[in-house]
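Colleague: Sequence:
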Amino acid sequence: MAALRARYDQLLHKDRPEIVEVVRWAAGNGDRSENGDYLYGRKRLREIDRELGHLSKRMAAARVIDPARQTERDRVLFGCTVTIADDDDNQRTLTLVGDDEQDAAAGRIGWSAPITRALRGAKVGDVRAVRLPGGEKSWEILAICWPPG
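Here the sequence shown is numbered in my numbering, starting from 124 and rising by one per residue.
Watch out, some of these pointers could steer you wrong.
In silico BS3-like cross-links for lysine-lysine, where the CA-CA straight-line distance does not exceed 25 Å [what the hints assert, rightly or not]: (1) Lys-166 with Lys-137; (2) Lys-260 with Lys-246; (3) Lys-166 with Lys-180; (4) Lys-180 with Lys-137.
The calculated label-pair distances, taken between Cβ atoms and stated as ranges, are [claimed, not checked]: (5) Asp-189 with Asp-249: 19 to 27 Å; (6) Gly-244 with Arg-192: 15 to 23 Å; (7) Glu-259 with Ala-229: 19 to 27 Å; (8) Arg-147 with Glu-224: 32 to 40 Å; (9) Arg-128 with Arg-231: 13 to 21 Å; (10) Pro-270 with Gly-159: 46 to 54 Å; (11) Thr-194 with Leu-255: 25 to 33 Å; (12) Asn-152 with Glu-224: 42 to 50 Å.
Derived from the structure by calculation, the hints contain no laboratory data. For each residue, glycine too, the CB sits at the ideal point set by N, CA and C.
Model the full structure from these sequences, guided by the hints.
Modeller: Listed below in structure tokens is the structure:
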């Protein structure tokens, strides 16, 4: 939520006023049909306004959840870190985060990702099948960790 708010504030209070000033200056230069600063500025304003609308909808729909306060610590739920192993005993450690926070390279998997949907609610020892573009793959839950609460 903090990242969404920071981006929203950056666009609304810094980027948009700067572009408005450029458009105002460019409009005062006369012919707007061939004025690159004016045309680009108007285009950029539309992009900023579209992103501001998207961010405001995301913030209105978002719920801030503190994983440290989770009471059901024996199941795979939002905010936990889970260690899984496939049939070849290849292990992965994943942290289940919001879709806006995901970073697969860092092991942070978004809540609506296929693997996350398959793992939701599982307990240690459960085996879950995940449908991936390359086919179905089974994963066993080895460990579930939660932030200290």
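Colleague: Can you give the numbers of the hints that this structure goes against, from lowest to highest?
Modeller: Those not satisfied: there are none.
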